[in-house]
Amino acid sequence: MSSNRMLSFFNRNTTWGKSFHDFNYRLFIFMTWVPAVIFFNGNVGELTRINGPSMYPYLNTSYNEDLKKDLCWVSKWNPTRNLERGMLVSFQSPNNPEKLAIKRVIALEGDVVYTRAPCPLPTVQVPINHVWVEGDNRDKSLDSNSYGPLPMSLIQGKLTYVLWPWKSSGPIHWRQFKGRTRVIAGRRQDAPNWD
Amino acid sequence: MPPLSRFLLPFKYAKERYAGHPLRLSIAALKTIFIFHVFWQYGYSIAPLAGPSMLPTFEVTGDSVIVSRYYRRGRGIKVGDMVSFDSVVEPGESVLKRVLGLQGDYVLRDTPGTTDSMIQVPEGHCWVVGDNLPWSRDSRHFGPMPVALIKGKAIAKVLPWSERRWIEDGLQSVDHT
Chain A
1 MSSNRMLSFF
11 NRNTTWGKSF
21 HDFNYRLFIF
31 MTWVPAVIFF
41 NGNVGELTRI
51 NGPSMYPYLN
61 TSYNEDLKKD
71 LCWVSKWNPT
81 RNLERGMLVS
91 FQSPNNPEKL
101 AIKRVIALEG
111 DVVYTRAPCP
121 LPTVQVPINH
131 VWVEGDNRDK
141 SLDSNSYGPL
151 PMSLIQGKLT
161 YVLWPWKSSG
171 PIHWRQFKGR
181 TRVIAGRRQD
191 APNWD
Chain B
1 MPPLSRFLLP
11 FKYAKERYAG
21 HPLRLSIAAL
31 KTIFIFHVFW
41 QYGYSIAPLA
51 GPSMLPTFEV
61 TGDSVIVSRY
71 YRRGRGIKVG
81 DMVSFDSVVE
91 PGESVLKRVL
101 GLQGDYVLRD
111 TPGTTDSMIQ
121 VPEGHCWVVG
131 DNLPWSRDSR
141 HFGPMPVALI
151 KGKAIAKVLP
161 WSERRWIEDG
171 LQSVDHT
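Protein sequence lines correspond, in order, to chains A and B.
Each residue of the first sequence is one higher than the last, beginning at 1 in full-length UniProt numbering.
Each residue of the second sequence is one higher than the last, beginning at 1 in full-length UniProt numbering.
There may be inaccurate statements among the hints.
[Unchecked claim] With a straight-line cut-off of 20 Å between C-alpha atoms, the simulated EDC-like cross-links for lysine to aspartate or glutamate are:
no., chain 1, residue 1, chain 2, residue 2
1, B, K31, B, E16
2, A, K140, A, E46
3, A, K76, B, D131
4, A, K76, B, E59
5, A, K76, A, E46
6, A, K69, A, E46
7, A, K99, B, E123
8, B, K78, B, D169
9, A, K140, B, E123
10, A, K69, A, D22
11, B, K151, B, D110
12, A, K68, A, D136
13, A, K99, B, D86
14, B, K151, B, D169
15, B, K78, A, E98
16, A, K167, A, D66
17, A, K76, B, D169
18, A, K178, A, D139
19, B, K157, B, E59
20, B, K151, B, D86
21, B, K151, A, E98
22, A, K167, A, E98
23, A, K99, A, E65
Note that these hints are calculated values from the structure, not bench results.
The shape of chain B in the complex, shown without the other chains (with noise of 0.2 Å):
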């Protein structure tokens, strides 16, 4: 057999197989975009984000950030990383904001300069903040949020392509100027 042939030995395969079966040919496409949902949902994927709860370190529109399923249901979520969940007050919306505080930790209950009351973060919630505070909807109106809802953190920004980078230790990289 002529080496170059082997590798279109896998198109004769499909060939062989698919053309002519409708059936086989829609079962197969169906597995594939079920492959894809898996890697959806429990790998990784891709969120464009709008709205200006985020602003200084994500623009209002036009961009988009990787989200890792890894941390799903908050497993291995640190204070200052960005999670994506299921939002509280619009069931169906997706929502980014950062974790300010875990179960145990004393967080200021309002926006900061108008009361000084705080209260504990209960057993398997999690305080969450918008980097915009007097645009934000977060944990300041609905209170503790349960980690379960959280979907997954945002690892890197992919769009717009030429400010790509890895998101980094969000308790360094706020810049107040």
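Excised from the complex, chain A in its bound form (with noise of 0.2 Å):
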């Protein structure tokens, strides 16, 4: 009969009709472990590529020569934990809420930066659980001199490693940092707040 040659294929006591409950069966145990990439990358850490020159030259350094882009390493467990001058720091850009932003973190809460050109002031105090942040390429990044401190909520993870390219791998030592930007060192308690 042809019905029985046509629901021969949802049988799985023939050969064809077994392979294939098989596959679905491994396509099922694949998607189980969906959430769980999920989870991990939305909380422990994930690969990230470096898109444009903002970080240039410490990231992306041969922006300039080829359209290889650096793979890092985003560390998301309690970002906002321990953040120090240096350290640098992925979140969603506060112009443009769909974009990733990679930045460094120039000044801390209670600290007094010393402002460049799209900022209006020429020093800013950052506020309580705010922070600074700047890209290494002065002349291409759209950074805190433009939307100014930016919440510390917002950030999601800090960069610890940079896996590719080669040549620059290895783990951010953020403490090397010597920036150009001049700031003041200030204490947490000393920070304008809105108690």
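Assembly of the complex is requested from the two constituent chains, each provided in isolation within its own frame, with the hints serving as guidance.
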């Protein structure tokens, strides 16, 4: 009967039907791992490609020579704890919420920063639970000089390792960073707040 | 096979697979937790509310809302929506306020009746204000808030159960009495 032949597609006792069922089962097992991966990428760590020139020359060192993009490891466990000046952080850009930005923390709560061109004020004191972020490439970076101090709750992760290219791979030594932006270190309790 | 026992097959299968296999069982439990986590983060979540800042709309304690995560990072947010976001002032704290202006809008900078100065909300930001003006710490204090902080939009009130309702368009439902 023709209907018999058609239904044999779903019959797991035939050879073809058996492999079809087997494939579905493997697909199901694969799918059950997807939420675990999503949790890992959101809360533990994620591989991220660096687009654009804003952290040149530290990241994307060969930006002017080829189209290769650096591959970095972003650690997302407790990203706002123990933030220090010089660390690289990732966050959704305040200007464009769908865009991931990677910048360097220049100043912490209570610090006084001497700002650059787009900023209307000559100095800014960073308010409580905010940080001042800037890109290393001073000419091609949309940073706190444009959008002001960054709320700490926006920060998603810290960059800890460069994985690719091979030449610059290794842990990120953020303590060795010497910036050109002048910062007067302050205390958290002196930062402007809204209580 | 008797028809009713077909419905017991999954249980039979689960018993065969998990009874006496502690590793299999714990991995399956973890996966289930991750599925619920993903639903909570990217689907819907229930948020209990506390505090006087939304007072005519929500009580100080005891109210809960369903937050739709579809609207995270301000996707599809309109003026008048109530959004849940990470606090600018205290990290880790989740706050519910009403959006009164989106990027490009001109909004009153202070409480109505004090000054008339207005500012334009910058690109990628929004202006959030609580319904209870004297008892709310909001954009009037910390300025325009990045839309990327928004975690979701309140779509329904579920607790107390007797007062359950869908949250309608915020621009009409506020009732000044």
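Now for the hints, and whether the structure bears them out:
1. B:K31 - B:E16: holds, 19 Å
2. A:K140 - A:E46: violated, 25 Å
3. A:K76 - B:D131: violated, 34 Å
4. A:K76 - B:E59: violated, 35 Å
5. A:K76 - A:E46: holds, 8 Å
6. A:K69 - A:E46: Given that 20 Å is the threshold and the Cα spacing comes to 16 Å, the pair holds.
7. A:K99 - B:E123: Distance ~13 Å between K99 (chain A) and E123 (chain B) Cα, so the pair holds.
8. B:K78 - B:D169: holds, 9 Å
9. A:K140 - B:E123: Measuring from Cα to Cα gives roughly 19 Å; hence the hint holds.
10. A:K69 - A:D22: violated, 39 Å
11. B:K151 - B:D110: violated, 25 Å
12. A:K68 - A:D136: It holds: about 18 Å lies between the C-alpha atoms, which stays within 20 Å.
13. A:K99 - B:D86: The hint holds at about 18 Å.
14. B:K151 - B:D169: holds, 19 Å
15. B:K78 - A:E98: Between K78 (chain B) and E98 (chain A) the Cα gap is close to 17 Å, so the pair holds against 20 Å.
16. A:K167 - A:D66: holds, 15 Å
17. A:K76 - B:D169: Violated, because 36 Å separates the two Cα atoms, which is more than 20 Å.
18. A:K178 - A:D139: This hinted pair holds, its Cα atoms lying about 17 Å apart.
19. B:K157 - B:E59: holds, 11 Å
20. B:K151 - B:D86: It holds: about 7 Å lies between the C-alpha atoms, which stays within 20 Å.
21. B:K151 - A:E98: Holds, at roughly 13 Å.
22. A:K167 - A:E98: violated, 31 Å
23. A:K99 - A:E65: violated, 24 Å
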